[in-house]
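Asker: Using the hints, position chain L against chain H.
Residue numbers (my numbering), protein chains in the order written: chain H, 65 to 336; chain L, 7 to 341.
Straight line, CA to CA, 20 Å or less: simulated EDC-like cross-link-like pairs of lysine to aspartate or glutamate:
1. K251(L) with D324(H)
2. K251(L) with D315(H)
3. K202(H) with D273(L)
4. K332(H) with D333(L)
5. K332(H) with D327(L)
6. K251(L) with E320(H)
7. K202(H) with E272(L)
8. K202(H) with D50(L)
Simulated from the structure, these hints should not be mistaken for laboratory data.
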Amino acid sequence: MRNRFRPSVIVSVAIVTVLVLTGTVTTGQSPTYKAPRTTDGKPNLNGVWQALNEAYWDIETHPAAPGSVTALGAAGAIPPGPGLVEGGLLPYQPAAAEQKKKNFENRLTLDPEIKCYLPGVPRANYMPYPFQIIQTPKYIMMVYTFARAVRTIYMDDHKEAPADSWMGWSNGRWEGETLVVDTTGFNGQAWFDRAGNFHSDALHVVERFTATSPDHLLYEATIEDKNVFTRPWKISMPIYRRLERNAQIMDFRCVEFAEDLIYGHLRKPSGK
Amino acid sequence: MNHRFLVVGSGLIVLVALMWSATIPVAGQARAYRAPRTPDGQPDLQGFWTNTTYTPLQRPKEITKEFYTREEALEILKTSAVLESEQTEPGTIPDVHYDFTQFGLDRNQGGLALNLRTSLIFDPPNGQLPPMTAEGQKRTAARAEARKRMGRPTDAVQNQSLSVRCILMDRAGPPMLPGAYNNNYQIVQAPGYVMILVEMIHEPRIIPIDGRAHLPQHVRSLTGNPTGRWEGETLVVETTNFTDKTGFQGSSENMRLTERFTRVAEDRILYQFTIDDPATWTRPWSAELPMQKTIGPIFEHACHEGNRGLYNTLAGARAEDKKAAEDAARKSSSQ
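The shape of chain H in the complex, shown without the other chains (with noise of 0.2 Å):
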């Protein structure tokens, strides 16, 4: 029995294989598309952009699951996906591992999301929410709908980041048709997503920005952070641009949606 279902397992086995590396590359794209210029002949990528995927959730491949909050019943439920890290599983080094579980378990006390905090790099870019560049020679802004998270790129004047930070610091540079931003200097306080995947403030991403079509644009990041992985890892996912004539960054300040849970206990009780 064993022998005659060998071939087959390993069969299947490529053929998943396969799939998770080409599923997680993303396809579509023409290696020859040449996005137009900017009045300095950079690939233009301003626009309103947003990813749409389920990695808000949980960047690895997920199936579905139940949500935590009973009230919001199949609403609340986490949605599967295929996640956006190749290979499908982060390589969590042993007590990261741990960690991770315990942040899943404990997500809605320990979620920075859930109390409104800047969301980092790169969770602000696969949030459901749109963002929009604005791109001069000297500095690319990246400003996000959720908690207003702002990004400044420096592409001309490069340094190491003053101070640790949420966002991070970002120098930028064109390599072609493709912005690369390399960014340092977290705070370490920072998820990747909802399900407590994490990183401490070691991370280093290197993200990169391709325009495949008008209204796509490829991203690609490596993650590295010494502290919690056992080797860098990548990322990658299409970016499709908002295309409704009235596509715009709305006011998202969620300070004050937040505001009940974190300090709702701290409220005197009324009569008192």
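Answerer: Here is chain L on its own, set in the frame of chain H:
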């Protein structure tokens, strides 16, 4: 003490040097300066700017003129800077919390444009807010009444001001007025957009310059909905769709704000704004102040994320409540 005076002293030298080299914008003055152009032909306002000032919004009652002399202005700046840096008593709790030799140095040490105006308001010419309408007075009284009914600021987070809650600093606007620190702005321009990054609580103002209409009236936000256009050398930004939560100087949610940004020198933008709110004031009013070129970059201001002060204020109040209740119980049981 010695250290403190040393820091303030060197700050003043920087301040004075900057002021002497600065030109003074005056409303209505003929402007020979023409801003450099962006590649698509717009006046170039890009860079890092500060609107730090000691000039009050309204003219102090004892001042009757519109402008100081240069000597008077310099003297006022000097006195203000010294007073500000000395305002806490060394060794006291306020000094530890707000040591102005370590914190909030923007005004008394940073680049500051000399402004000869005695008030930021230049219209009405008396430098004062115009009289409030009956409706405006009624609303102001109702707001004060509602605040009283809320209870003490320490009773609930929602009783605290928006600035304490890191939602919006009182003077971050719009209109963009400076406070004691973080009065820095980065302007970038891309085709169809001007973006102003306000340092205070990392407030990005994305201003479309494409002729689009404002959002529908029912879609409101604390900072309103801006649209922009160019009028010659000037960027004009119209903002509507405010809420009644900010109440700028007592304004209503239907306030219409018009801001005008004009680069009047290589190192200076003249920032003017007009508030048109017939539900609050008997006439529109206008103010202006310079934005002086400063050095970047602007660092992330994660205000809410680090708001331990708010948490501790509320937790402290509940601890006091608990102690008061225990004291009262002890007193009644010993009787």
